[in-house]
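This is what each chain is made of:
Number of protein chains: 2
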Amino acid sequence: MLSPNPLYPGARVALLCASSAIPEGRLEPAVAAIRALGLEPVVFPSCTALHGYFAGDDILRAGDLNRAFTDPSIAGILCARGGYGAHRLLPLLNLPEIAAHPKFFSGYSDVTALHTVFNQDCGFVTYHTVMPATEYYEPVDDYTMSYLRRALFGALTGPLKNPAGQPLQTLVGGRVTAHLCGGNLSLLAASLGTPWEIDTCGKLLFLEDIGEDTYRIDGMLTQLRNAGKFRDCAGVLLGAWTDCPPENPDRALLLPDIFAELIVPAGKPTLAGLACGHTLPTLSLPLGGVVSMDADAQTLEVLT
Amino acid sequence: MLSPNPLYPGARVALLCASSAIPEGRLEPAVAAIRALGLEPVVFPSCTALHGYFAGDDILRAGDLNRAFTDPSIAGILCARGGYGAHRLLPLLNLPEIAAHPKFFSGYSDVTALHTVFNQDCGFVTYHTVMPATEYYEPVDDYTMSYLRRALFGALTGPLKNPAGQPLQTLVGGRVTAHLCGGNLSLLAASLGTPWEIDTCGKLLFLEDIGEDTYRIDGMLTQLRNAGKFRDCAGVLLGAWTDCPPENPDRALLLPDIFAELIVPAGKPTLAGLACGHTLPTLSLPLGGVVSMDADAQTLEVLT
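Taken in order, these protein sequences are the chains called A and B.
Add 1139 to the 1-based position in the first sequence for the numbering used here, that's all there is to it.
Add 1139 to the 1-based position in the second sequence for the numbering used here, that's all there is to it.
Source of the hints: derived by calculation from the structure; they are not laboratory data.
Quick caveat, the model's predicted, so the values are computed rather than measured.
Virtual Cβ for every residue (Gly too), placed ideally from N, Cα, C.
Examples of chain A residues lying across from chain B (beta carbon under 10 Å, computed):
(1) Ser1159
(2) Leu1229
(3) Ser1325
(4) Ala1329
(5) Leu1331
(6) Thr1333
(7) Gly1358
(8) Leu1392
Cβ-to-Cβ under 8 Å is the rule here; a few derived chain A residues that face chain B:
(9) His1226
(10) Gln1362
(11) Ala1366
Between the sequences and the hints, there should be enough to build the whole structure, so can you do that?
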């Protein structure tokens, strides 16, 4: 697994949307925020296009991605936001060309579909970070911005620590050192059965989601369980489950019950409560990087 | 593909829940409605058990299914309702024993997970019909009940016709005669990547759903498209899409656009608008049976 070159002051970065369109009024502050990080944003057409709920049609959005990778003047790619639609682009990506031009790539949520493919099919590390049109077009806490800067500028090795006062929970003890994979549960479930299916074999699997009833979380974890993804992985790391309440609390399994029924039986080292996902403050993660997790000591460290 | 023996007056039928629990007050009228059809209901434990949103835990619900198939005094099985949870049971089903005891099996919605497995892995036809604790515990229109009786008593061959005034729509013309597969889109998407994945090769694929935002329908159809399920099938038959509105109508693709982008490009004969799914009146379908569809003439006929 290749670690792409980190960004640097003045680096030209593509700003694009693989999924939904940037809400009105957010593009300019997002551009300003990227400049404030010392980078030079290049606004791609998907930042201003519209097709239904998409930031332009599939051909336009996939074209932006293909061009951003092959353009030698672009040092890295920032997905402006998530939303919905990245997995529609997978048949349209020029993966051999992307693999030949690995570069810094970042985002999360719907962007998970792209992380998986760039890690698995193109062989380079990508970054699960906050996005300019979702979070940092407006002021964001120092913890989050510090992790973003570490991701952008090649300093994400070392311990990953939750903010003070946010303890991790051990669901299954044990230690694992493995390549990190995963991201948004909805997108990982949506990858199954396709040529771009998440491969968890021997890897540490990170999961998070937002805005799903608990029975939907149950359903997607059941699909992953049925597909052998917990059996095959080396460990599980659970992040934020934002706005995932039960439809009817009197007749529901709650998330800890669901994890106990669907993830714990696989017996892999499992930590819950990582401050990562659709939450602030949030840390950043190197997908495809090597991470060491001690689920007894409740520690995490990025090795490469 | 084996057609199980049809039911007959006085046949003992298992009433059970593979998914969610029967709502309070519906079991007795459901039992009475089955008796009114001339059948003798045998109430299995899952009709009165509760575990979170499930009708008892996975072991109890799977046990009911395994016993209902192997008990020689039971002539057929009626799923009392859908809801959520059938695909959790798949690893717990005794498929060799079920294959050795094919019998009438009916339901729809969440029950799709079981239809797929009984058709593909156990080799017998099952019935996509209304359910006693969902619809016919209270009076239901004659059209729906007529199709239910045809399914129950072995008379579902011949034309499938929408109620008067509900025209079909041709999305792609052409004719196909093939085994019918499919059901609820959410459950079909959730089968992908698992040992119980829907196989659409050379088959006519029926799809319907309820209560999903259009972007979720888009997402699930994209997963099926990415998995090659439209490329591999022989034709597509679209049923009811009940309460599937766009979250934001001003910035959404609508269902016809989504079908045009994701299903039509496969070029397989495709009809939309079948009165089947979470809707009344609804017709019944033999999953695994052979159906002839003329998408130009907009006709459907069950051959076996």
